[in-house]
Amino acid sequence: GDSVTQMEGPVTLSEEAFLTINCTYTATGYPSLFWYVQYPGEGLQLLLKATKADDKGSNKGFEATYRKETTSFHLEKGSVQVSDSAVYFCALDTGTASKLTFGTGTRLQVTL
Amino acid sequence: DAGVIQSPRHEVTEMGQEVTLRCKPISGHNSLFWYRQTMMRGLELLIYFNNNVPIDDSGMPEDRFSAKMPNASFSTLKIQPSEPRDSAVYFCASRPGQGLEKLFFGSGTQLSVL
Chain B
-10 GDSVTQMEGP
0 VTLSEEAFLT
10 INCTYTATGY
20 PSLFWYVQYP
30 GEGLQLLLKA
40 TKADDKGSNK
50 GFEATYRKET
60 TSFHLEKGSV
70 QVSDSAVYFC
80 ALDTGTASKL
90 TFGTGTRLQV
100 TL
Chain W
475 DAGVIQSPRH
485 EVTEMGQEVT
495 LRCKPISGHN
505 SLFWYRQTMM
515 RGLELLIYFN
525 NNVPIDDSGM
535 PEDRFSAKMP
545 NASFSTLKIQ
555 PSEPRDSAVY
565 FCASRPGQGL
575 EKLFFGSGTQ
585 LSVL
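As given, the protein sequences belong to chains B and W, one line each in that order.
Mapping of the first sequence onto my numbering: position 82 corresponds to residue 71, and the numbering continues sequentially without gaps.
Numbering-wise, my numbering comes out as the position in the second sequence, counting from 1, plus 474.
These are calculated hints, taken from the structure and not from any lab test.
Among the clues, some could well be false.
Heads up, incomplete: computed chain W residues facing chain B, CB under 10 Å, no partners named [said to hold, decoys possible]:
1) G477
2) Q480
3) E575
4) S581
Okay, derived cross-link-like pairs now, DSSO-like style, lysine-lysine, Cα gap no bigger than 27 Å in a straight line [to be verified]:
5) W:K552 - W:K576
6) W:K576 - B:K45
7) W:K576 - W:K498
8) W:K576 - B:K57
9) W:K552 - B:K49
Beta carbons are placed, not taken as given, at the ideal position from N, Cα and C, and that holds for glycine.
Excised from the complex, chain B in its bound form (with noise of 0.2 Å):
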């Protein structure tokens, strides 16, 4: 079945640091993948997502890459402000069965 892996948080950083949190997959087809976001006492939001290999989702400074080789939609950040703290979901939507498949969520603690 589909599947989505994270890494394990939390990822604590600095002000202006890079951050990657990293994500890879396993579907049957050819999956959309998506990053979304949830912001503390809030549902998540999409923050972007890719359809097709080779595509790059970004927002707000954030960008990821559908990398069908490696399987993976890594996301990365130049300047991570405290402002970005929240935990970062990765997703799959293969469309066969019309819902996401989601990872167990990263949580990134920013601090000054």
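Chain B is fixed; fit chain W onto it per the hints.
Here is chain W on its own, set in the frame of chain B:
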């Protein structure tokens, strides 16, 4: 649009009591999802509906859980009887169709079963 609206925001109940969680999806959205979030298990899909019809309920933990969607603007998730291990945050989400579109999440219901 007000987004996906869930109620109550917080629910504290005693073991054995019935709990009903409510969700109003975004107007015009045809698909609705119920998720449960815990520290141990992360985000789990419980059930989803398309055009008010349950499509996949394989994530519903057991018979104590039931979900309904009587119309396009309202869904409920009921737990009867509730148990302490049901304590979690329950999220409702909706999206316009069945395609590869983003989900819009509500703010969740924090359920505590004592």
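Going through the hints against the structure:
1. G477: 9 Å, holds
2. Q480: 8 Å, holds
3. E575: 9 Å, holds
4. S581: 5 Å, holds
5. W:K552 - W:K576: 26 Å, holds
6. W:K576 - B:K45: Holds. W:K576 to B:K45 sits at ~16 Å (cutoff 27 Å).
7. W:K576 - W:K498: 17 Å, holds
8. W:K576 - B:K57: With Cα atoms ~21 Å apart, W:K576 and B:K57 stay inside 27 Å; holds.
9. W:K552 - B:K49: 38 Å, violated
In summary, the structure is inconsistent with hint 9 from the numbered list given earlier, while agreeing with all the others.
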